Every structure is written in C-alpha cells, then in structure tokens.
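A.B. asks: What follows is each chain in one-letter form.
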Amino acid sequence: MKAPFRIVSALGLLLALAGCAEPPAVKREQAPLPKDVEIVQGIEIGQYGGMFILSETTQPTTFNYYVPSNMGTVSILGQMFNTLVDFNPIKMEIVPALAKSWEVGEDQQTYTFHLREGIRWADGEPFSADDVVFTFGVVLADETDPETGETTPLYPTRYYSELHIDGKKIEFEKLDDFTVRFRTPTVYAPFMYDMMSVPILPKHKLQPYHEKRDFMRAWTTQTAIDTPSEIVGTGPFVLESYRPGERLILTPNPHYWKADESGQRLPYIDRLIYKFVTESNTEVVYFATGQTSASAVGPSDVAWVKDNEETYDFTLYERGLSPYVTMIWLNLNPGKSDEGKPYLAPHKLRWFSNKLFRQALLYAFDREAVIDAVFFGRGQPLDSFVSPPYGKWHNENIKKYRYAPEKARALLRQAEFTWDDDGRLLDPDGKRVEFDLMLPSGGSWEEMVVTFKENLDAIGITVNLNPVDFTTMLRKIDYTFDYDAGVIGWGSNSAAYDPSGSKAFYLSEGIYHIWHPKQKKPATEWEARIDQLFNEQEQILDLQERQARMHEVQNILAEEAPMILLASTFSTVGMQNRWRNIMMPSAGSPIWNIEMLWTPEPVTD
Amino acid sequence: MLSFILRRLLTLIPLLLAVTLLASVLMYISPGDILTKMRAQPDIPKETVTQLEQSLGLVDSEGEPTRWYVRYGHWLGNVLQGDFGESITYRIPVFQLISQRAGATFILSLTSILFAWCIAVPLGVLAAIYKDSIFDKISALLAYAALSIPEFFLAILAVYFAAVTGLFPVGGRSSIGSEFYPFAGQLADYAYHLILPTIVLGIGSIAGMMRIMRANFIDYREQGFVTTARAKGLPEKVVMFKHVLRNAINPLISYLGFAFSSLLSGALLVENVMNYPGLGQLIYQALLEEDEYVVMAALMISVVMLVIGNLLADIALAWSDPRIRLEGKGGGRGIPPLRLALICILIVAMIGYEIVIEWAMPDIIPILLAGLKWGAIYLGALIALGCLTMVGYIVFMLARKLFWQIVRRPMGAASLGTLAVLYFGAIFANFLAPYPMNRQNLVQSFHPPTKIFFGEGGLRVQAYELEDPAIRSYVPAEGKSYPLKFFVPSDKHKLWGFIPLEHRFFGVDSEDPTARVYLLGSDSTGRDVFSRLLYGGQISLSIGVIGISITLTLGFIVGGLAGYFGGAFDFLSMRVVEFLMSIPALYLLLALRSALFQPGFTPTQVYLAIVIILSIIGWAGAARVIRGMSLSISGRPFVTAAESMGQRPLAILGKHVLPNLASYLLVAATLAIPGYILAEAALSFLGLGITEPSASWGLMLQQSQKDMKVLFLDYWWLITPGIAIFITVIAFNVLGDVLRDIVDPKMKKQ
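In the order they appear, the protein sequences are chains X and A.
Numbering that gives the first Met the number 0 puts the first residue of the first sequence at 0, with every later residue one more than the last.
Numbering that gives the first Met the number 0 puts the first residue of the second sequence at 0, with every later residue one more than the last.
The reader is advised that the hints may include incorrect statements.
Each computed SDA-like pair below joins lysine to any residue, with the alpha-carbon atoms no more than 25 Å apart [stated by the list, open to error]:
| no. | chain 1 | residue 1 | chain 2 | residue 2 |
| --- | --- | --- | --- | --- |
| 1 | X | Lys452 | A | Thr49 |
| 2 | X | Lys274 | A | Gly391 |
| 3 | X | Lys517 | A | Thr49 |
| 4 | X | Lys430 | A | Lys491 |
Stretch by stretch, here's where chain A covers chain X in the computed footprint (C-beta under 8 Å, at least three residues) [to be verified]:
| no. | region |
| --- | --- |
| 5 | 270 to 279 |
| 6 | 445 to 454 |
| 7 | 562 to 575 |
Derived from the structure by calculation, the hints contain no laboratory data.
It should be emphasised that the depicted structure is a prediction, and the values quoted were computed from it without experimental measurement.
The beta-carbon is built from N, C-alpha and C at its ideal position, and this holds for glycine as well.
Can you make the complete structure from the sequences, with help from the hints?
C.D. replies: Shown next as structure tokens:
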C-alpha cells in the first residue's frame with residue numbers, strides 16, 4: 000500500500016528534475032579537414048549544438064544496408080553512410096558525394112569516378128578506392144554450382160540484380176587509390192541513378208564477415224545495442240545509442256567531409272534523435288505538441304495542427320503533390336490456368352478489354368468529391384502514372400478524366416451496353432455487369448474504394464469489395480491471376496525519379512505489368528508501342544529525348560486507361576522555426592540537408 | 000515444498016510442447032510467410048525472394064514448401080540443444096530480441112497489478128464496511144464503468160489527455176535526455192512514463208478484484224471468529240484488518256496468477272496505442288509478419304510466466320493462509336508424474352501420427368485442412384443455430400420466472416430496458432435507420448448532428464452550409480430547413496432479407512439529394528453515423544449472443560460430462576481447458592484469425608469466422624466452472640436415484656443436471672457477453688475483424704481513429720460507437736449482477 004506514496008514522491012522528484020532535461024553538449028574533436036573537403040556554399044554560418052528530434056514508425060531491423068529491411072532502416076542508415084553521388088532535391092540534379100567528380104567515356108559505357116582524398120571513416124581509418132571495390136564486390140558476389148552451372152548470388156539482395164544489365168554484371172576496377180572505373184555492358188541511361196542507391200561500406204570492418212560468407216549477419220540490431228561504435232560510415236552522423244522500441248541517437252561524425260565557409264566541420268547539430276512510435280497518429284500528436292522537430296502531417300490533420308503553430312513555434316510547409324501513386328486496375332490477362340480454366344471469366348474479359356468500358360469507369364468515378372470530403376480538399380485526382388512531382392518526366396498534356404456520369408453512360412451505350420428496368424447495366428449479351436474488387440486490408444485508400452463502389456453502383460455496375468491480405472493479393476497478381484480487379488499503392492516518396500526503377504511495370508514482359516504480366520509478346524498494339532518507347536529511352540543518354548519518349552508512354556496509358564489512378568494528396572511537412580538553413584524540397588525527405596541545419600537556441604526549456 | 004515446485008515446473012513441459020505445436024500448425028495454415036512483405040516490393044527481384052526462401056528453409060531443395068512438422072522437428076531439435084532459433088526480420092537470436100523487450104512489459108504488468116491492488120483492496124474493504132451506503136453504491140458504479148470501457152478506447156483517451164494537457168508524456172518509456180540523468184533521475188523518469196499505461200492497463204482488473212474483496216469481506220465479517228475477537232474486546236480496527244482482511248484477501252492472491260496472462264493480452268493493445276516499447280508490440284508485429292520463431296518463443300515466455308505466476312500465487316497463499324498445504328489437495332493443480340509422462344507420450348504420438356500420414360499421403364493434410372476450414376465454418380453456423388435454440392429455450396424458460404423479479408429492481412429494469420432498446424434498434428435497423436448503411440453524401444463529410452425544431456406545422460431539419468472546407472465546419476443556413484416526416488417513402492429494401500419495405504421510419508422530405516437528417520452527424524464520406532450505429536449493432540450485439548451460446552453449449556457438454564463421469568475424460572478435457580486458458584487470449588485470437596481467415600471471405604463468412612474464433616477461446620473457462628458444479632450435482636440423491644432407475648447418462652445430464660445448472664448458465668452468459676462484444680471491437684479495431692462494406696461498432700471506432708482530427712477538431716459524434724459499446728457492456732454487467740442476486744444470493748462472492 001506504499002505505492003501511492005511512491006508515485007507521489009516520484010512525481011515530486013520529477014518536478015525537481017524538470018530543469019535538467021537536456022543532455023550535455025557534444026565535445027567536438029578538431030580532426031583536420033580532409034584534403035578534398037566539400038565547402039558548402041551559400042548557407043548561413045551556424046553554431047554547434049541542439050537536438051533534432053524525429054519520429055519514426057518502423058523499427059530498424061538491421062544496420063547493414065544490404066540486408067533486406069524497411070523504409071525506417073534505410074532512412075536512418077542514410078544519415079550514417081554515403082554513396083558515390085547524391086541527388087539534390089532543390090536543384091533536381093545529381094551532385095558529388097564520395098566521388099568529387101566523374102566523367103563518361105566516349106563509348107557512353109565507361110564511367111570514371113574520382114574519389115575525395117583524405118576522407119576518413121568515423122573510426123579514423125582512411126577511406127579509399129578499396130572500400131568502393133569491396134562494397135561492389137560484396138553486392139555482386141556470387142557462386143556457380145559446378146554441377147548445374149547455375150549462378151546464384153552469395154547474398155540475395157535487390158542490388159545484385161539492379162547492378163546487372165541484360166543479365167550481365169556491371170564491371171568495376173580500381174585504377175588507383177582514388178579512382179574507380181565502371182563499365183556497363185550496354186549503353187544504359189539510368190546508371191547514375193543506380194550509383195545513388197549503393198552506399199559504400201568500410202572494408203576494414205566488414206571484410207572478415209565477407210570472408211566467412213557471413214556478411215548478412217554483420218551489424219545487427221544487437222551490434223547497435225552493445226557496441227554502437229563498431230558501425231562506422233562516412234556520413235554526417237555516427238550511432239551513439241539504440242534502444243529498441245524507444246529511440247536511436249546519432250551524434251556528429253568527427254571525420255565528416257563537409258564544412259561551412261568558415262571552416263567549421265558540419266553537421267552543426269549535436270544529436271539527431273529518432274523516436275519510435277507505433278502509429279502515425281502519435282507521430283502527428285508528438286509534432287503538434289512540440290515534442291519532435293519535424294514531421295509529415297496528413298491532409299486532414301493540417302487544420303488542427305496549424306492551430307498549434309504559434310504555441311509551439313513551428314511552420315507547416317505546403318509542398319506539392321506526393322509522388323506516391325495509388326490505383327485500381329482491371330485484370331486483362333486472357334490466359335488459362337494449367338487445368339484449362341480461364342483466369343478471368345470470358346464475359347468479364349470482354350468488358351474489361353473494351354477501352355470504352357475502362358474509360359467509362361473513369362468518368363463515373365467522382366474522385367474530386369472524395370478528395371474534398373476525406374482529404375479536406377488537399378489533393379487532386381491523378382492523371383498520369385508518372386505523377387507531377389517528378390518534374391519534367393511528368394506529362395501535363397494528357398487526357399484527363401473528370402466526373403461526368405453522362406459521359407460514362409454515353410461511352411457504355413456506344414459499347415452496346417444497356418440498362419434493365421432496375422437500372423442495372425447489362426452487357427451486349429444481356430449479362431448483368433458485376434465484378435469483385437480485391438483490396439488489401441488496412442490500406443489508407445479505403446474511402447476512395449468505397450466511393451468507387453458507390454459511384455459505379457449509381458450507373459448500374461455492381462462492385463463487390465473483397466478484402467484480402469497482402470500475400471494473397473500478390474499471389475493472385477503474380478501466379479494465379481484469378482481475380483477481377485484490385486487496388487494497389489505504388490512508388491516511393493523520393494524526389495529522384497528515373498523510369499528504369501519501374502521497368503518491370505512498363506514492359507509487357509515485366510512481372511509487374513500488373514494488368515497482364517509476363518507476356519510472351521505484347522498482347523495489344525499499344526502495349527507493343529510502350530515497349531518500344533521504353534526500350535528506346537533506356538539506350539539514350541540525352542535527358543530531353545528520354546523524357547519525350549516517356550511523355551508519349553503516359554499519353555498512351557491515359558488513352559487506354561488500363562488503370563484507374565486514384566488521387567494524390569498534397570504533402571505537408573511541419574518544421575520548428577528555431578532551425579535555420581531549412582531548404583524544403585517539393586518532394587522527398589524534408590531534412591535532406593540535415594548537416595546544414597543549426598539553431599541559435601540549442602537549449603530548449 | 001521443493002517437490003511441489005518441481006512437480007509444478009514439470010507440468011510446463013507438456014504445456015510448452017502443446018503451445019509451440021499449436022503455434023507452428025497455425026502459422027503453417029495461415030496464408031503467407033515472412034517474405035510476404037518483400038514479395039510486395041516491386042524493386043526486389045523474384046530470384047532474390049526464391050533464394051531467400053531456400054536459405055530460410057521455407058522451401059526444400061525441390062522448391063516445395065517445407066512441411067510444418069519438418070520445421071517443427073527441426074526447431075524442437077535445436078531447442079533441446081538450447082538454440083531457440085533466429086528472428087528472420089531482425090537476424091538475431093530470438094531470445095536476444097525478446098530480452099530487449101520483455102523487461103518493459105514485465106514491469107508494466109507488475110505496476111498494473113500493484114495499482115489494481117492498491118485501489119481495489121481499500122475500496123473493496125470500505126465498500127464492505129459501509130455496505131449499502133452511498134459510498135458503496137458509487138464505488139459499485141465506478142467499478143462497472145471501469146469494467147466496461149474497452150482498454151484500447153481508454154488508451155486513446157489517455158493519449159489525447161496527455162497531448163492536450165501536457166501533464167504526462169505521450170507514450171514512450173523514457174525521456175530523450177534520460178540517458179544522461181543520474182540513476183535516481185532515470186528511475187523517476189521511468190516511473191513518470193509508466194503512470195498512464197499503468198492506469199489504463201490496471202483499471203480493467205480493479206472492478207473484478209474489488210467485487211471479490213467486498214463480497215469476501217462481508218462474508219467473513221459474519222463468521223464466528225470475528226464475534227470471538229470482538230467478545231475478547233479487541234478494538235474494531237484490529238478485528239477488521241487483522242482478522243477479517245487477512246482471510247478475505249486469499250482469493251485475490253490466487254487470482255494474481257491468472258492476472259499475468261490476461262495482462263499480457265491487454266498489454267498488446269495498450270502498448271500499441273500508447274507506444275510503450277514492450278513485448279506486446281513485438282509479438283503483434285511478429286504474428287502479422289509470421290516471424291515464426293519469435294512467436295513461438297514469445298508464447299513460451301507467456302506460458303512460463305503464467306505457470307510461475309500461479310506457482311508464486313500458491314506459495315504466497317500458503318504463506319498467508321497456514322491452513323493450506325502445498326502438498327495436499329488444496330494446491331492440486333500439479334499433475335502426477337505418471338500422467339505427465341502419459342501426456343508427453345500422447346503428444347509425441349500425435350506428432351508421429353501426423354508425420355506418418357503426411358509421409359504416406361503427402362497432399363492429404365492441406366486438403367483436409369481446407370476441407371476442415373470450410374467445414375468448420377458451415378458446421379459452425381449450424382452448431383451456432385443449434386446452440387442458439389437451446390440457450391434461447393433455457394432463457395425463455397427462466398425469463399418467464401425471472402422477468403418480474405428483474406423489473407421490480409430499479410437497476411434490473413434500467414439495464415433490461417437499455418438492452419431492449421439497443422436490440423430493438425439493431426433488429427429493426429432497416430426500418431428505423433433513415434439511410435442505408437453505406438449511402439454516401441460526399442459534400443457533407445464530418446457533418447455535425449443536425450438541429451431539429453418545430454415550425455411550419457411540423458418538425459423541421461435545419462439545413463447547413465459548409466463554412467470552412469479546410470476543417471469541414473458547417474454553419475446553419477439562415478431560414479433554410481427541410482420538413483422531417485415519419486414513414487417516408489424510400490427505395491426498396493428488405494427487412495431481414497425477405498420482408499420488402501418501401502418506407503423508412505423517418506427522414507427528410509426534400510427534392511435535394513444532399514439534404515440529410517443526421518441525428519449523430521456524418522462520417523468521412525458523409526454516411527449517417529446514427530444509421531451505421533443501428534446497422535453496426537446487428538453485428539456487434541449479435542456476436543455476443545451467438546458466441547456465448549456456442550461457448551456455453553460446448554462448455555456444458557464438456558464440463559458436464561467431465562464432472563459427471565470423472566476419470567480419464569475429466570482428466571483429459573481439463574488439461575485441454577487449462578492449456579487453452581494458459582495462452583493469452585488475444586495472442587490466440589490473432590493466431591487463429593490468421594489461420595482461419597481465407598482470402599475472399601464474404602462479410603457473412605468473416606462474421607461467422609469471428610464468432611467461431613471467439614467461441615473456441617471462450618468455452619474453456621465455462622467448461623471449467625460447469626465441471627465443478629456438475630461434479631457437486633452428480634453427487635446429489637436425485638441423480639443417484641435416476642441412475643438406479645437405469646436412465647442413460649446423457650438423459651440424466653439433460654434432464655437432471657442441466658435444469659439445476661440453468662440459472663447459473665444464464666448468469667454466466669449475461670456476464671460473459673461483454674467479453675465477446677469487447678473482443679470483436681478489439682479485433683475490428685486492429686483492422687483484423689469486420690471490414691468495409693460491413694459495419695460494426697469496433698470498425699466504426701477504428702475508422703474514426705485513423706487520425707487524431709476526430710479529437711482535435713471535435714468530431715465527437717464519431718466516437719459514439721465507443722459509447723455504444725460502453726453502454727451495452729455496462730447494461731449486461733448490471734443485468735448479470737441483478738440476475739445473480741435473484742438466482743442465488745450466495746453466489747455473489749464468485
């Protein structure tokens with residue numbers, strides 16, 4: 000019965016503690032700046048100190064970048080490691096990182112990277128071309144079975160195949176300690192984009208694991224808990240401590256290779272803290288009550304979070320549309336299963352493969368109303384698979400479908416559909432139009448889909464919602480093909496875009512050509528045309544030429560309407576006003592320049 | 000003493016075997032595996048996934064999925080060598096992973112129990128001392144409230160409270176700078192973060208404990224030794240606290256053991272909503288992602304915790320009550336070693352049998368399982384119907400007898416009336432609701448309740464205009480209103496699927512399709528919350544009734560037979576019961592759910608599946624209690640008489656035992672229904688139960704919680720489903736108590 004007293008006394012102690020809530024400042028070692036230091040131009044010169052607090056919904060599952068993981072892991076590791084080149088989301092161009100410069104050979108297939116000299120890993124060991132060669136060596140390591148002659152990667156990751164072009168490896172060699180040359184098997188335009196996604200790891204730490212073929216067990220979460228200093232990178236931060244489920248603290252890397260114009264080594268902030276939360280609700284509450292420094296704010300949360308702007312001294316930055324794409328698609332696969340059963344009932348295939356029918360669905364769907372009702376008007380219907388934030392890749396002038404039920408009816412009439420006495424739609428053979436729509440449970444597009452169902456109901460089409468778990472849905476998309484229609488979300492929130500990332504989607508032979516994957520040869524003329532355009536753009540290095548071809552691809556997709564794109568919401572990001580040097584990109588991470596952020600008031604009360 | 004403890008710990012072995020076996024089978028049946036997520040990522044090539052499948056042992060060398068018993072055997076072999084496997088997501092040994100989290104959950108459970116005790120014991124004692132006073136009544140009311148509020152709903156409110164007042168941290172376990180505090184500071188910081196989760200988690204068990212405490216205290220106060228003590232001239236304080244309290248507290252101590260298991264379930268929800276980094280979060284993720292070894296290890300830990308909790312409770316009981324001897328029958332949950340060995344052999348033999356079958360006919364199991372799943376669901380529906388009839392018959396029989404007695408008590412009349420209104424609303428939803436369940440009105444999303452006033456010769460509904468689209472706020476449109484009419488014509492629909500209706504009870508009479516009457520506002524797509532509450536009630540309210548019917552019937556058959564026959568059947572069935580009760584309910588629920596749910600379930604099938612899952616979990620407790628009662632009844636003379644007249648056992652059970660149990664069954668049913676309503680709500684709240692386009696109160700609450708705007712923009716009408724759940728549960732609890740008082744005043748203390 001002493002507990003109430005204990006709680007009371009604990010509370011008292013807490014009040015006493017309220018004054019000393021701030022962790023001590025980090026002592027900066029004055030290691031000399033590297034020879035090829037990057038002096039960041041045009042920023043306000045700041046002072047050291049302060050904690051920058053972020054919330055994160057996914058726990059890191061590993062600290063080894065090449066172990067398959069999740070978005071949270073990738074964004075945290077992004078603060079600790081560097082790639083050869085970077086993407087600047089403000090200038091929208093590729094900028095130097097570990098490589099200070101590069102040149103493309105005459106044949107358009109060789110790329111020579113000149114590395115920065117004098118960079119050190121966070122533990123003080125020097126960085127050199129050996130590390131680059133080691134990293135690519137690990138990612139591309141494979142073995143050939145002497146009996147079957149089959150080659151399998153030693154460490155199965157997505158990067159292994161990403162660095163293969165037409166089944167052939169990208170070649171790489173060390174020319175000297177600070178020069179590395181790559182060679183692609185054919186002319187391959189997206190190569191530089193691939194270079195942005197392969198962080199360089201330290202050979203001196205990881206070689207022993209690789210020798211034991213145990214690379215995937217290097218740098219687990221346990222390493223991070225027990226010996227955080229073992230995990231060394233070249234990025235702006237190093238790991239200070241990790242408490243699973245609670246938080247992860249990063250401190251400045253004493254050997255980081257960027258400095259400001261006064262010669263102060265970046266980053267300015269003393270600590271970058273990731274707080275782990277279980278759901279995005281809590282994330283928003285944290286930010287709106289001043290407990291985190293920056294956060295994305297959902298479209299319908301903006302209004303009430305804005306009310307707190309003054310109290311907690313932050314600003315909500317309205318950015319453009321989110322690059323994330325969600326869509327409903329119809330199954331257009333005319334194939335049959337091994338037992339000779341068609342994947343899709345023939346009469347449904349007849350409806351779906353009729354372009355007029357597909358267009359009618361788009362006209363019948365009131366996407367704007369949902370955006371107003373659910374997202375409080377903060378969004379717009381998507382017209383192209385390549386969404387507006389991708390800048391010049393996006394095609395503005397394509398066919399746009401807006402709610403017009405009478406147009407939908409006209410199109411259906413044109414396709415010889417009729418209506419019965421109850422107002423239900425009948426196909427030319429007199430069959431009622433009714434299909435199932437599978438949606439993965441727990442998706443955020445629920446209201447959209449429910450409205451789709453209601454809207455189609457209004458023009459006489461019955462849609463049955465069929466919640467399935469994600470696995471089942473994927474099995475249906477990939478193997479069994481026995482479904483009518485589905486809903487799926489696609490893409491990332493990164494600002495860097497290159498269509499090569501979605502190759503398997505555009506090409507008719509691709510496994511993610513979602514409405515009819517793995518075609519032996521293009522089933523329709525328009526798919527053949529897309530194949531041709533896409534392959535062409537991959538072999539041209541000129542950006543404008545490539546974009547022109549992708550515009551045409553978008554035109555075809557808009558006209559043929561194999562998918563019903565839903566809506567894209569405006570992305571809003573909040574950031575505390577005490578931070579300086581904020582440069583808000585229109586898409587992607589709002590703290591892409593975290594090393595430049597500083598605050599005149601490092602200690603809060 | 001030592002041999003007792005050893006024997007107790009020995010029972011862990013078959014229990015652990017069975018739990019892991021069950022987990023392994025369930026994970027195998029459920030669609031998908033650990034690589035599901037990875038397959039979903041468009042940028043990860045198929046070959047990578049295939050290769051991972053092989054290296055993780057999900058498929059054998061020919062690419063066929065590995066049979067579950069192979070994997071289980073493999074796992075068991077490793078466990079015997081002390082290796083519990085590796086988490087596939089985190090790539091570290093599971094015990095390392097669990098030990099990262101277990102401490103937090105353990106401490107939270109401990110503080111919640113402590114909190115519950117500190118509130119429940121004094122309140123219970125005071126309520127007993129001042130029996131029938133205002134204080135007693137108020138504390139009883141508060142206890143009902145605490146018992147009836149869904150844990151997750153309370154957790155949400157707590158988060159909101161913390162965010163708005165800033166008095167408490169919004170989740171987490173420690174402050175950001177805590178690593179740099181002095182030790183005492185860290186401790187205080189931790190305690191500060193524990194306050195809210197402790198209260199939320201602990202509040203549910205207060206009510207039950209308080210009632211036990213009160214009833215016991217009253218009981219013991221009238222005992223002879225108290226009179227003796229008073230006669231000796233001891234001061235009243237000493238009598239109360241030294242003599243009565245010490246006796247009355249015993250049941251609470253034995254309750255302590257089981258509290259751990261139920262707290263683990265509760266912790267899963269609370270940890271998720273309140274962002275407390277414990278085992279619950281981890282297990283929830285692992286179950287969803289099918290990180291098999293983590294699930295198995297976590298289940299093992301929870302079972303060990305339960306057994307040890309019970310053990311400690313028994314030891315504490317022996318210490319507090321010298322009359323109880325551990326070796327004797329009093330602590331009789333230990334199993335004799337011979338039977339223990341028998342069970343182990345049985346389980347091993349079952350595994351062996353399975354393996355032989357699969358080896359002989361490789362494809363039979365999946366086919367059997369598929370058949371079983373569908374069979375189970377349709378058979379389940381049939382059984383449910385049968386059970387419903389039986390229980391309905393009993394209720395009807397008793398109700399005639401009891402109805403006037405209930406109505407004569409104000410509490411009884413109030414609760415019965417409330418329930419009658421709720422069920423009436425749900426049954427006639429198609430007629431009473433002004434709109435169909437999913438009728439959208441996108442231009443009026445998040446509309447507040449409409450004002451209704453009298454004017455122009457009738458009731459009129461105020462019209463509103465959108466004031467600020469950014470926060471969806473509405474203002475009354477000056478001078479614009481629609482007439483509210485009763486028995487308005489509507490589009491054709493059917494009541495109960497077969498009575499055609501062309502009218503609805505009330506609605507607005509207007510040409511404007513967007514003119515609506517919203518008694519309780521509208522949701523994110525402008526659907527009428529009041530209508531949805533009525534329709535949702537059909538699911539939420541019926542699930543309890545059907546679930547409890549199945550549970551009681553099953554429990555009666557198993558428990559009744561076990562109590563009547565005794566012997567081997569009794570022994571086996573009670574072990575199964577204990578086994579089921581030893582798994583935290585919510586874990587079992589989630590595991591069963593992933594195993595039973597088939598893609599492409601229609602809403603009806605989802606509904607049936609949920610009922611079946613809830614019943615599978617629920618019958619064990621009922622069977623245990625019924626066994627005890629049937630044991631005592633079967634010793635009574637009239638049963639012996641029937642036996643000697645040559646009646647068959649089943650007839651005796653039906654004709655003699657059942658009627659004597661009937662009133663108990665009724666009380667138990669009334670008190671158990673809330674559990675089902677809350678479980679459905681929790682499941683739907685987690686997004687794992689009822690889904691669109693159906694509606695249930697749990698789902699509606701979950702939809703309203705998608706973001707915090709509901710609370711911060713004061714869309715209060717969207718949390719009415721939570722209030723509906725709360726009212727229903729309270730009504731059932733009150734009614735159950737009233738019934739208990741009527742049926743058996745002595746039963747009060749149970």
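A.B. asks: Decide, hint by hint, whether the structure agrees.
C.D. replies: Results of checking the hints against the structure:
1. X:Lys452 with A:Thr49: violated (37 Å)
2. X:Lys274 with A:Gly391: Not satisfied, since the Cα-Cα distance of roughly 53 Å exceeds 25 Å.
3. X:Lys517 with A:Thr49: holds (17 Å)
4. X:Lys430 with A:Lys491: holds (22 Å)
5. 270 to 279: With 7 residues in contact (Cβ-Cβ under 8 Å with chain A), the coverage given for the region 270 to 279 of chain X holds.
6. 445 to 454: holds (count 7)
7. 562 to 575: Three-residue rule not met by the region 562 to 575 of chain X, so violated; n is 0.
Of the numbered hints stated above, those contradicted by the structure are hints 1, 2 and 7, listed in ascending order.
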